[in-house]
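Residue numbers (the numbering used here), protein chains in the order written: chain A, 1 to 118; chain B, 119 to 233.
These are calculated hints, taken from the structure and not from any lab test. Using N, Cα and C, we set each Cβ at its ideal position, and we do this for glycine too. Don't take every hint at face value.
FRET-style restraints, in silico, Cβ to Cβ [what the hints assert, rightly or not]:
{"hint": "1", "chain 1": "A", "residue 1": "Lys18", "chain 2": "B", "residue 2": "Asp136", "range": "43 to 53 angstroms"}
{"hint": "2", "chain 1": "A", "residue 1": "Glu67", "chain 2": "B", "residue 2": "Glu133", "range": "43 to 53 angstroms"}
{"hint": "3", "chain 1": "A", "residue 1": "Glu44", "chain 2": "B", "residue 2": "Lys174", "range": "23 to 33 angstroms"}
{"hint": "4", "chain 1": "A", "residue 1": "Gly14", "chain 2": "B", "residue 2": "Thr195", "range": "48 to 58 angstroms"}
The chain contents come next:
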Amino acid sequence: DTEVTQTPKHLVMGMTNKKSLKCEQHMGHRAMYWYKQKAKKPPELMFVYSYEKLSINESVPSRFSPECPNSSLLNLHLHALQPEDSALYLCASSQVGTGLILSGNTIYFGEGSWLTVV
Amino acid sequence: GQQVMQIPQYQHVQEGEDFTTYCNSSTTLSNIQWYKQRPGGHPVFLIQLVKSGEVKKQKRLTFQFGEAKKNSSLHITATQTTDVGTYFCAGKVQGRGSTLGRLYFGRGTQLTVWP
Chain A
1 DTEVTQTPKH LVMGMTNKKS LKCEQHMGHR AMYWYKQKAK KPPELMFVYS YEKLSINESV
61 PSRFSPECPN SSLLNLHLHA LQPEDSALYL CASSQVGTGL ILSGNTIYFG EGSWLTVV
Chain B
119 GQQVMQIPQY QHVQEGEDFT TYCNSSTTLS NIQWYKQRPG GHPVFLIQLV KSGEVKKQKR
179 LTFQFGEAKK NSSLHITATQ TTDVGTYFCA GKVQGRGSTL GRLYFGRGTQ LTVWP
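Just chain A, with the same shape it has in the complex:
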């Protein structure tokens, strides 16, 4: 069982809707991620938060807006999406190591939110 919880599991939204995906973890991890996965493709990194601050934005369109209210929660706000944005959105978390630690940083994924944009 995953310790990263995502809601909703399924979401259908119109191109003019505003919706949010939510993610929660209680493993004490201080790094949280949003990935997007299309069918038969590997997960693609979208955003990374470290200590509740946005650290990485992989040139994601502004219609996706991440938010990290606290160390356990991560949201992804969706607005004016396109049909091609339909995908599985995966939240993940990991520890944040120091530069001297080469091991660690194992990423744990949630079950994902299946998004369909109509």
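Following the hints, put chain B in place on chain A, whose structure we already have.
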């Protein structure tokens, strides 16, 4: 840019046969992680390899990390129908300033097992 190449893309085997998927990076990796994703599911962490030449086993699964830390393999002995899914390798590039878990995923190998 950084790429982790994974082959084969698809593998169909009969139950009881062995299966291997390979990953190769153009640059040295600090570690490599393996994930399994069942059809309709999410990636599930299997293992992480860190040391040069490391070999780890989980029951019928054997994971190897190359001496140069640029390649890795996953071998399944005597496959079962429960092994069905897509296996992804994900490498973390060595020498980067960021210590975050920024992984570069291979494209995955989709394993089908016939009963």
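Structure-based check of all given hints:
Lys18 of chain A and Asp136 of chain B have their C-beta atoms about 50 angstroms apart, which keeps the hinted 43 to 53 angstroms range intact. For Glu67 of chain A and Glu133 of chain B, the Cβ-Cβ distance of about 46 angstroms falls inside the hinted range of 43 to 53 angstroms, so the restraint holds. Under the hint 23 to 33 angstroms, the C-beta atoms of Glu44 of chain A and Lys174 of chain B, about 27 angstroms apart, fit the expected range. A beta carbon spacing of about 49 angstroms between Gly14 of chain A and Thr195 of chain B agrees with the range 48 to 58 angstroms that was offered as a hint.
No hint from the list above goes unmet by this structure.
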